[in-house]
Amino acid sequence: MRFYEFEAKQLLKKHGIPLVQSELVETPKKAKKVATNIGGPVILKAQVIAPGLAAASVKEAADPASAKSAAAELLALDDGGRKPKGVLVEARPTGDAVYSLSFTYDGTTKLPVVAASDMAGKIDDLGDTHPERIVRRHFSALYPFSDYIAKELAKSLSLGGADLTRMTRIVSGLARLFLKYDLADLDITSLVKLGDGNFAVLDVEADLEIEARHRQRPMLEELGFAKDDLRQVREPTEFELEGARIDAEDPRGIISPIAEFDGNIGLVIGAGGGSLTLTDAVRKHGGRPANYAAIGGNPSVDKARRLTKLVLSKPGVDKIAVMSNVVSNTRADLVARGVIKGITELGFKPADKILIFRVPGAWEADAAKILQKYGVEYCDRTVSISEAARRAVEKVG
Amino acid sequence: MAVIVHEDFQFIVQGITGREALNFTRECLQYGSKIIGGVTPGKGGREVYGVPVYDTVREITQKQRVDGTVITVPLAFAPDAAYEAIDAGIKEVIIITEGIPRKDASAIVEYAALHGARVIGPNCLGIIVPDVCRFGSLGGPAVDCRKAFKPGVVGVMSRSGGMTTEICNALTLSGLGVSTAISIGGDPVIGSTYADLIPLFEADEDTKAVVVYSEPGGTAEAELARWTQEHHSRLPIVAFVAGRFMDEMPGMSFGHAGTVVNKKVDSPADKMRRMREAGISVAEEIGDIPGLVRARIGN
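Chains as they are written, first to last, in our numbering: chain V, 1 to 397; chain R, 398 to 696.
So that you can see chain R by itself, here it is in the shape it has in the complex (with noise of 0.2 Å):
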């Protein structure tokens, strides 16, 4: 079991040919994953180590089964990227690109929800299941994910690509391991948030806990308090709130697009108080992280 992707999950990769795609396309080839093509307009006909790239969507999912896309084409070209995915009857549409207007970001949602199809980010890095599958440039070169993402029982979102993998690293280090990560993306307005995901933890069998990471700005963080309280979930969560010293810096950005203290609900100490009253344990510290989840699953 794992959450979104799975052992026999094929993607492809649009903006396949720009630098940082290149580099992740070949992380993901060498962490296993089955990328079946990539797009990138007029390079239609070329390959990508080994992976044939195309000028369209629609010429892959003719084919082939095409279960998600990576999408990191430039800012501008990001949103037909998105529909064009859609069209082709993409279902799972990881955006890694970063800087999308939250107007656009809407659209793209909006479009989504009324096609069945899932958007993961804008600014993510995508999803790793440790050993079965990584979909998208979270953890960096093959070598590496291996080190920070072991196989276990916690799963992780994060407003922060970078984020998710330390603390990856930290459950894996504490023998806690990873049932499936998920960077879900620091923008104000994101396709996926901790409450639209935690229900597919909740039916994953191998995860025992979920820990997220979290940041000022927004109000994801209220509706994954309400949720919980809510739905009487099985699984205990652990959440971290960094840019504590933000609270003090009211109007200052810091970090993602989404990160401001505008609003009460923006706040850090206001993110943790919620939390915690729905029964979140709120951690000090990222090395509390995995004594947290040990005392709250019993292990």
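The shape of chain V in the complex, shown without the other chains (with noise of 0.2 Å):
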């Protein structure tokens, strides 16, 4: 889950990290006075979540009139259907040197791993431009973080005296409240040295284990972030909040996540790894998939009942397709009972609503028994994943 940087900030100002001089804004007159007050050329970054926003969410100002106008157009951005959370006006000290930090976890050790450069940006396109000017420390998760692990990551940056021990409060600093607040990324784009030997953070990004929401309920609350508030990439649509709440209010088996597309094929697919793959299948053999779905861990006869409901009563969508991996606790016959009961609500018949049922495994012979009543084909697990898709696709024309 994506902090906004302003929130990100506060984490930082919270544990003693040095900060540039910045202030969130919501108005551009706002920002022509906070400009002011800074004195000298400013730069304005619009609160943004949506990928892809980078360079139009930042912008340089020489001076507050300007200061003024930028923030006007930042306001303006669309930020995946939404307003942008403010405009942060900051200070732009040049510094003797910059560097980047970055927090994250190394899936190979298994360990939080630090990374650090003598250069800006993130610390994963410098992998790709100046693999040598980057070295890395992993810590503990188990253990209270060493100052000392800091200390020699600074050291190996080539730092020294006042410079070395001022780089390992600041790395010391972060890698705690990195742990402590559950994050599962944290990258420091952008750490200056300032005139006066002084370090200041200029620019970060930070995301939240999103496992971890509940858990790290005050310190989100602290930051105001709102109860539901997922931070999704764009602005969850009317479909995707219904499918978020059919999954809510019933506790058996899953059907998140479920996402929104522009394509006719309605999907009532599962489960985790499953709906992947069948939804690239689907792509694969032409055919345009109208959601993204995932039924697991056993749902309810209601709860596949109100899936297929919300997925047929899509614009656009006229047939279904109900697939899944071969299932081990989902049982098949309950998602057949459910997704006839869906279709007979809506007053259809299966037969014309369904582009093909293949749910193998658990249950199998009894959800065929079902099938067979209302005249929809069973198809067994000798019909590949692959040969499913294809033939819905087919059907669909």
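Mixed in with the good hints, there may be bad ones.
Stated by the list, open to error - Straight line, CA to CA, 27 Å or less: simulated DSSO-like cross-link-like pairs of lysine-lysine:
{"hint": "1", "chain 1": "V", "residue 1": "59", "chain 2": "V", "residue 2": "85"}
{"hint": "2", "chain 1": "V", "residue 1": "180", "chain 2": "R", "residue 2": "660"}
{"hint": "3", "chain 1": "V", "residue 1": "373", "chain 2": "V", "residue 2": "309"}
{"hint": "4", "chain 1": "R", "residue 1": "440", "chain 2": "V", "residue 2": "284"}
{"hint": "5", "chain 1": "V", "residue 1": "349", "chain 2": "V", "residue 2": "373"}
{"hint": "6", "chain 1": "V", "residue 1": "151", "chain 2": "V", "residue 2": "180"}
{"hint": "7", "chain 1": "V", "residue 1": "14", "chain 2": "V", "residue 2": "33"}
{"hint": "8", "chain 1": "V", "residue 1": "85", "chain 2": "R", "residue 2": "547"}
{"hint": "9", "chain 1": "V", "residue 1": "284", "chain 2": "V", "residue 2": "369"}
{"hint": "10", "chain 1": "R", "residue 1": "661", "chain 2": "V", "residue 2": "59"}
{"hint": "11", "chain 1": "R", "residue 1": "488", "chain 2": "R", "residue 2": "440"}
{"hint": "12", "chain 1": "V", "residue 1": "85", "chain 2": "V", "residue 2": "151"}
{"hint": "13", "chain 1": "V", "residue 1": "122", "chain 2": "R", "residue 2": "488"}
{"hint": "14", "chain 1": "R", "residue 1": "431", "chain 2": "R", "residue 2": "488"}
{"hint": "15", "chain 1": "V", "residue 1": "373", "chain 2": "V", "residue 2": "341"}
{"hint": "16", "chain 1": "V", "residue 1": "122", "chain 2": "R", "residue 2": "660"}
{"hint": "17", "chain 1": "V", "residue 1": "30", "chain 2": "V", "residue 2": "13"}
{"hint": "18", "chain 1": "V", "residue 1": "30", "chain 2": "V", "residue 2": "122"}
{"hint": "19", "chain 1": "V", "residue 1": "68", "chain 2": "V", "residue 2": "83"}
{"hint": "20", "chain 1": "V", "residue 1": "29", "chain 2": "V", "residue 2": "151"}
{"hint": "21", "chain 1": "R", "residue 1": "431", "chain 2": "V", "residue 2": "284"}
{"hint": "22", "chain 1": "R", "residue 1": "431", "chain 2": "R", "residue 2": "547"}
{"hint": "23", "chain 1": "V", "residue 1": "59", "chain 2": "R", "residue 2": "660"}
{"hint": "24", "chain 1": "V", "residue 1": "309", "chain 2": "V", "residue 2": "284"}
{"hint": "25", "chain 1": "V", "residue 1": "83", "chain 2": "R", "residue 2": "488"}
{"hint": "26", "chain 1": "V", "residue 1": "341", "chain 2": "V", "residue 2": "284"}
{"hint": "27", "chain 1": "V", "residue 1": "30", "chain 2": "V", "residue 2": "14"}
What the hints contain is simulated information worked out from the structure, not anything from laboratory work.
Please read all numbers here as calculations on a predicted model, not as lab measurements.
Join the two chains into one complex using the hints; note that each chain is given alone, in its own frame.
Have a look at this one:
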């Protein structure tokens, strides 16, 4: 879950990390005022979540008047259906030296890792262009962070004297807050050494581990996160919100994540990996999925019924494909009953609306019997995922 | 021969009285696995399908050899359950529990490594050696499990539990069969990656080829590609990468917790390129996997 930069900076500030002068504004007029206070050129950053806005969301302004007009432009940006959450107006000190720091988890060693460079930028990008300018240190999520790790990292950046001790304090502070707040990624893409010898953080990107959002609730409250704000890259659609409601209202099984696409083949598909594979398979055979879904964890008949109705009611969707990997815990018969019920409740015949039903595995004999009663062909495990997708696409025409 | 488990493999189930655990305990017993005890605090003295339930892991390890544990306790108790098992000397730890933050997963795995224990998962379903041992909840009811997993020559590692069964089913239908199948888990930090486990398949004489199922997110595929290039593996590897549509949707998350395209290495296109460069065959569709395996092992 992505933090807005102003939120990330609030966390850093609270933990004594030195930051460049910066203020969040919500109007162009206020931007002008802040720019006047700062004096000299400023940088303005629209507070947005959607990817692809990196370039469009940042502007430089030489004077307060141009800060005002820049802020007006930034506030008009479309952040995946949302308005920007204000604009950060910041001083832009020129420093003697610039660094970047990046905290993440290394899936290979399974440990948290900090990478540092004596260049500004995202470590992920610097890794391609200047791998020799990056140093790394792993640390532990099991034991408390020890300052010497930060010191060794600073040393390997060839820092000495006061620079070494200052950098050690910053890296230690960041490592501790990275662990404390369950961050998944923390990127300081620009850390500058000022003329007076002090360091200041200019640019920050931070992501919260989504699975930790409940236990990090106190911190999120403090930052003013709404309870259901998952910081998706775009605003959820009505269809997606209804899917989430259906999922939340019945604890039996899982049908999320559910996402809306602009195609015409309604997908009632499962589960985690199966849904990814099936969505690819439909596209590979030239089909255009109307949605993404994931039936797993043995959903109830009612949940399958409501998902079916939701997908089939979507404008532009005439038929649905019901497909899954070979299921182990989800019962094929319950899915069959839910789908049939959903279709009949909408006043249609199941045989007219189901492009294919391929859910092999647990309780498959019962599923086959139910479908037979309604004249729907049941595809068993001998029909591959690719073949099922091909037939569905062919039938929808 | 088999990977990790064997005919006499004895394990316990932590959280055995939970709904999901009750199901897979029954399924494992029907499959012929040796479950010698279960743990649920406060429920010691009960029985689950003839398996004695204890309050602590140590009550079991003090009396009997315990080769492994399957942890399926609620989220908030999962790290504690893992530490309890590791401190009691258990060396093979499967964590089924979903939704464990990566910080906790990292701490558990580090603790395990310090004590010579191996973690599979979290957010996985476990291991099956067809007709020998089932260690975890992979494959569902024993009757379905036997349909999808027949003994054979292909080792399987998968980030998705459901797709482990799907792929094993395809290999079984094709007559190639499965040597050992491991659902490794779909989280960003897991105890055992492809590269950690492939040496075990390398040493397993029943395994003639390995199939891996992968998803967007993480460095596991790049790591496997590097391992393959550095070790001149005798095993041909066939990989399938799901979620290619996600390349067009940066930042969106589908499927498992680890499934997101934020960094370059996360993208299916990048994973496929790295694996192809390392000599790994990349299947376009699940249905192509058996044919690619046959072509690679000359069968």
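Checked hints:
1. For the proposed pair residue 59 of chain V and residue 85 of chain V, the alpha carbon gap of about 16 Å is at most 27 Å, so the pair holds.
2. Using a Cα cut-off of 27 Å, the hinted pair residue 180 of chain V and residue 660 of chain R holds, with the two alpha carbons roughly 23 Å apart.
3. The hinted pair formed by residue 373 of chain V and residue 309 of chain V meets the criterion: a straight-line CA distance of about 20 Å does not exceed 27 Å.
4. With a C-alpha separation of about 51 Å, the suggested pair residue 440 of chain R and residue 284 of chain V falls outside the 27 Å cut-off, and the hint is violated.
5. Only pairs whose Cα atoms come within 27 Å are accepted, and residue 349 of chain V paired with residue 373 of chain V is accepted, the gap being roughly 12 Å.
6. For the hint linking residue 151 of chain V to residue 180 of chain V, the alpha-carbon distance of about 20 Å falls within 27 Å, and the restraint holds.
7. At most 27 Å may separate the alpha-carbon atoms for a hinted pair to count; residue 14 of chain V and residue 33 of chain V meet this at roughly 25 Å.
8. Between residue 85 of chain V and residue 547 of chain R the alpha-carbon distance is near 56 Å, which puts this suggested pair outside the 27 Å criterion.
9. Distance check on the hinted pair: residue 284 of chain V and residue 369 of chain V sit about 31 Å apart at the alpha-carbon level, beyond 27 Å; violated.
10. Simply put, residue 661 of chain R and residue 59 of chain V have alpha-carbon atoms about 26 Å apart, close enough for the 27 Å limit, and the pair holds.
11. Of the supplied pair hints, the one linking residue 488 of chain R and residue 440 of chain R holds, its CA atoms being roughly 25 Å apart against a limit of 27 Å.
12. A C-alpha spacing of about 37 Å is found between residue 85 of chain V and residue 151 of chain V, which places the hinted pair above 27 Å, so the restraint is violated.
13. Our distance criterion of 27 Å between C-alpha atoms is broken by residue 122 of chain V and residue 488 of chain R, whose separation comes to about 39 Å.
14. For a cut-off of 27 Å, the pair hint linking residue 431 of chain R to residue 488 of chain R stands: about 16 Å separates their Cα positions.
15. Between residue 373 of chain V and residue 341 of chain V the alpha-carbon distance is near 13 Å, which keeps this suggested pair within the 27 Å criterion.
16. Of the pairs offered as hints, the one joining residue 122 of chain V and residue 660 of chain R holds, with about 10 Å between alpha carbons and a cut-off of 27 Å not exceeded.
17. This hinted pair checks out: residue 30 of chain V and residue 13 of chain V have alpha carbons roughly 22 Å apart, not beyond 27 Å.
18. Restraint check for residue 30 of chain V and residue 122 of chain V: the C-alpha separation of about 30 Å exceeds 27 Å, so the hint is violated.
19. Only pairs whose Cα atoms come within 27 Å are accepted, and residue 68 of chain V paired with residue 83 of chain V is accepted, the gap being roughly 18 Å.
20. Proposed proximity of residue 29 of chain V and residue 151 of chain V is contradicted: the alpha carbons are some 44 Å apart, above 27 Å.
21. Straight-line distance between C-alpha atoms of residue 431 of chain R and residue 284 of chain V comes to about 44 Å, which puts the hinted pair past the 27 Å bound.
22. Straight-line distance between C-alpha atoms of residue 431 of chain R and residue 547 of chain R comes to about 19 Å, which keeps the hinted pair within the 27 Å bound.
23. Straight-line distance between C-alpha atoms of residue 59 of chain V and residue 660 of chain R comes to about 24 Å, which keeps the hinted pair within the 27 Å bound.
24. As the CA atoms of residue 309 of chain V and residue 284 of chain V are separated by approximately 26 Å, the hinted pair is consistent with the 27 Å bound.
25. For the proposed pair residue 83 of chain V and residue 488 of chain R, the alpha carbon gap of about 52 Å is over 27 Å, so the pair is violated.
26. As the CA atoms of residue 341 of chain V and residue 284 of chain V are separated by approximately 30 Å, the hinted pair breaks the 27 Å bound.
27. Among the hinted pairs, residue 30 of chain V with residue 14 of chain V is consistent with the structure: their alpha-carbon atoms are about 24 Å apart, no more than 27 Å.
In summary, the structure is inconsistent with hints 4, 8, 9, 12, 13, 18, 20, 21, 25, 26 from the numbered list given earlier, while agreeing with the others.
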